[in-house]
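Residue numbers (the working numbering), protein chains in the order written: chain F, 2 to 447; chain Z, 1046 to 1220; chain W, 929 to 1125.
Where hints are given, some of them may not hold.
Sample of chain Z residues with no beta-carbon within 10 angstroms of chain W, all distances over it, derived [to be verified]:
{"no.": "1", "residue": "Thr1111"}
{"no.": "2", "residue": "Val1117"}
{"no.": "3", "residue": "Ile1206"}
Calculated lysine-lysine pairs in the DSBU-like style (CA-CA distance at most 35 angstroms, straight line) [to be verified]:
{"no.": "4", "chain 1": "F", "residue 1": "Lys367", "chain 2": "Z", "residue 2": "Lys1202"}
{"no.": "5", "chain 1": "F", "residue 1": "Lys402", "chain 2": "Z", "residue 2": "Lys1202"}
{"no.": "6", "chain 1": "F", "residue 1": "Lys345", "chain 2": "F", "residue 2": "Lys367"}
{"no.": "7", "chain 1": "W", "residue 1": "Lys957", "chain 2": "F", "residue 2": "Lys367"}
{"no.": "8", "chain 1": "F", "residue 1": "Lys424", "chain 2": "F", "residue 2": "Lys402"}
{"no.": "9", "chain 1": "F", "residue 1": "Lys346", "chain 2": "Z", "residue 2": "Lys1202"}
{"no.": "10", "chain 1": "W", "residue 1": "Lys1110", "chain 2": "W", "residue 2": "Lys957"}
{"no.": "11", "chain 1": "W", "residue 1": "Lys1110", "chain 2": "F", "residue 2": "Lys402"}
No lab work stands behind these hints, which were simulated from the structure alone. Virtual Cβ for every residue (Gly too), placed ideally from N, Cα, C.
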Amino acid sequence: MSTTLPTSAAPTNPPPAISDASQLDAALEHLTSDASVLRWSETEAEERSGYQAPTDEGAGERMIMNMGPQHPSTHGVLRLVLELDGEVITRSKPVIGYLHTGMEKTGEDLTYVQGATNVTRMDYASPLFTELAFSMATEQLLGIEVPERAQWIRMLMCEMNRLSSHMLFMATNGMDLGAVSMMLYGWREREEILRFFEMVTGLRMNHNYIRPGGVAADLPPGWADEVRRVLDPLPARLEEFDTLMTGQPIWRERLQGVGVITAEECLALGTTGPILRSTGFAWDLRRDMPYLRYDDVDFDVCVGTYGDCFDRYAIRLAEIGESIRIVRQILDKMPAGDYRIQDKKVTPPPRARIDESMEALIHHFKIFTEGFKVPAGETYAAVESPRGELGVYIVSDGSGKPYRMHVRGPSFVNLQTLPHLMKDSLIADTVAIVSSVDPIMGEVDR
Amino acid sequence: MSDVAEDATEVVAEPEPLLIHGHPATDDGDVVVVFPAKAELLALATQLRTDGYWQCLDLCAVDFLTHPTRPVIPESVTPERFEIVVLLINHSARTRLRIRVQIGEDDLTCPTLFRLHPGTEAMEREVYDLFGIAFDGHPDMTRILLPDDWEGHPLRKDYAIGRIPVQFKNSIAQG
Amino acid sequence: MGLVDNVKEDGFAGLEHNFITGKLEDLVKWSRARSTWPATFGLACCAIEMMAAGGAHYDLARYGMEVFRASPRQADLMIVAGRLSQKMAPVLRTIYDQMMEPKWVISMGVCASSGGMFNNYALVQGVDQVVPVDVYAPGCPPGPETLMHAILTLHASIENGEILRRREVSPTGGAAITVEQKDGQTSGATPVLLEAR
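Pulled out of the complex, with its shape left as it was, chain F reads as follows (with noise of 0.2 angstroms):
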């Protein structure tokens, strides 16, 4: 059962439009000279503020402008200096680091069990994600299988906090356009999904649900019933979104050709996620590079022609109905099963054994002070978070704590994008711009 929206996204599997690297050759150029981004430190953009720089009709005066990062519309604590000809945007920088919390220097101090904490406050729109790709990276250094039904169970809260962070977006785009009722109408079906996490995992944000080994606990019962009652008013509802914004002149006046990005100079910036799909090049990592049981499901991928920003809002509104796709589909097929490995070294026992067996009291015990060792080793383990390509890579010293964790995280690779979205374009499209972007802060400066 799926939605269809009368979308500029066209949910097929066109060819990628790049047949050989050539082709990037003319993207580099530009992308790699000093045409839109702001290359000066921030001592020197302060002194040089107002400066005269020659334009094509005679000097023109530049103004050098900062927005952030405390600021409504950017996102979190982002900052941007924009070099600014008038109104119009010429060059700019964003400056991150503003939320720097060295998560991956604690990452190190913390054992693999603990592990799960910390990375699912890096992107805290979708912690569910970051706890996945580093229990997967956490099982291939460890070379475990973990159960069927822990994967079912893993895909399912995946796709539900895909429907969350999405809904945070719709909600988050409508209001920096100026449309604020869809920010009460995103937080309103959020707070549906919410609750249902807090039924399942016990908490409705950085849940710590899915760990090494499987998830926490087993889905409680009745859950099917509210996962229903979740996503059979979601369809009207996302005509009602429509309704709103996708037909709405106003909406497609400020999106359409605003921010436009291609194929190839998304590949150059190293850019994945629904940017990347915005330019024609139909790239998720759920189907190309399938992990968990996405080859068990059918779904399409959402691409974009234009690369602009209503591209990339076409292409976020069609991921919902698709990932509603998906969790109905997992409701017929979840299977029945243990919800995390029996491995002893690697799960703690239940809570009323250590009661009964002295052996379990140890393990629990191990477990939880020391961590359980994972042999020495690197490797890497990604997935498709609602922003692109989410990838932990690990290195291993045979002890029970990381020795180096580090996270892709594919905010911080797609604000390189920023600068060149932005050029050109007027201070009222940067909102627009970064909005599409959605970067959430947390894993852009970990």
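Keeping the supplied structure of chain F fixed, place chains Z and W upon it in accordance with the hints.
Positioned in the frame of chain F, the structure of chains Z and W alone reads:
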């Protein structure tokens, strides 16, 4: 280290000796890892780009100061304290490839991949910020995550985590 | 004149109270409590829960607080929601200084209150190192119910004058009231037992 389990330092699979564009490499069945010398990094990345590895997904660094062994490395490659790890992806073949470059403590520089993959700009700045490895030819080699006047490079193993003792504040609880 | 000097120094409290001025001061405190406008200072995950508190389900508009003012000149309550990094600390202080008196600060979440789970080089271990905090709301993140409990505690202490009394004796300059976490009360959530089987 006494708390490392006995079987933890055994390698999972025996790597086959292999050469990719003339550089030693390993293949554990999952992913190919290539070990070029520092000066050859750009040439290798260019050749790989022609092969289909169009996108650089990630660039990060690892400090092996306190690591007891080293993740699988061919015998012809001399391990140094730092490694730069570059992750490339080939969309048509649906595979990823890792490049690991050894960086010695005496020469903390590495050629930049910016001219080939402009997306490495922010990644290289992050490595410079957190490890202190400078990239030759990078257009803006400044700190990105920490304040400009920060001293030290936090992700190095000889930089402490900076934990402070927990103090209980003089706040008045109210239910 | 003594009376004028008293008023200049202490406001209404400087007058020797008769029943009219006492009522006026109560009126001032009552209206201050009911017209707090929050400034947007959402930093990280707690900001999402703060926005959820402003949403339709956990409606902050019933307290007149759904208008999050972007400009600190128009706000009198700063809810520091999220972890404060070293780079952001001067920005926080600047925004706080730009707010006009009377102003209140709620530290939302454990990262803002004490550094939270990130006891490391990158975070300021508690925003009270930078600004005086009046109410600490614990949680990671505190749900909208806990945030509302913190806001209502703040309102109550503004209204009965407790906040000013606490501030006078506090070493940090803020009232430093800690509230309890009150999540899951309205959604009827049952606890999830881990490792039950």
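Structure-based check of all given hints:
1. Thr1111: Non-interface label stands for Thr1111 (chain Z): nearest chain W Cβ at 18 angstroms, farther than 10 angstroms.
2. Val1117: The claim holds: Val1117 (chain Z) sits with its nearest Cβ about 31 angstroms from chain W, beyond 10 angstroms.
3. Ile1206: violated (5 angstroms)
4. F:Lys367 - Z:Lys1202: holds (26 angstroms)
5. F:Lys402 - Z:Lys1202: Answer holds: Lys402 (chain F) to Lys1202 (chain Z) is near 14 angstroms, not above 35 angstroms.
6. F:Lys345 - F:Lys367: holds (11 angstroms)
7. W:Lys957 - F:Lys367: violated (56 angstroms)
8. F:Lys424 - F:Lys402: Violated, because 44 angstroms separates the two Cα atoms, which is more than 35 angstroms.
9. F:Lys346 - Z:Lys1202: At roughly 28 angstroms apart (the allowed maximum being 35 angstroms), Lys1202 (chain Z) and Lys346 (chain F) satisfy the hint.
10. W:Lys1110 - W:Lys957: It holds: about 26 angstroms lies between the C-alpha atoms, which stays within 35 angstroms.
11. W:Lys1110 - F:Lys402: holds (34 angstroms)
Figure legend: structure checked against the earlier numbered hints; hints not met, in rising order: 3, 7 and 8.
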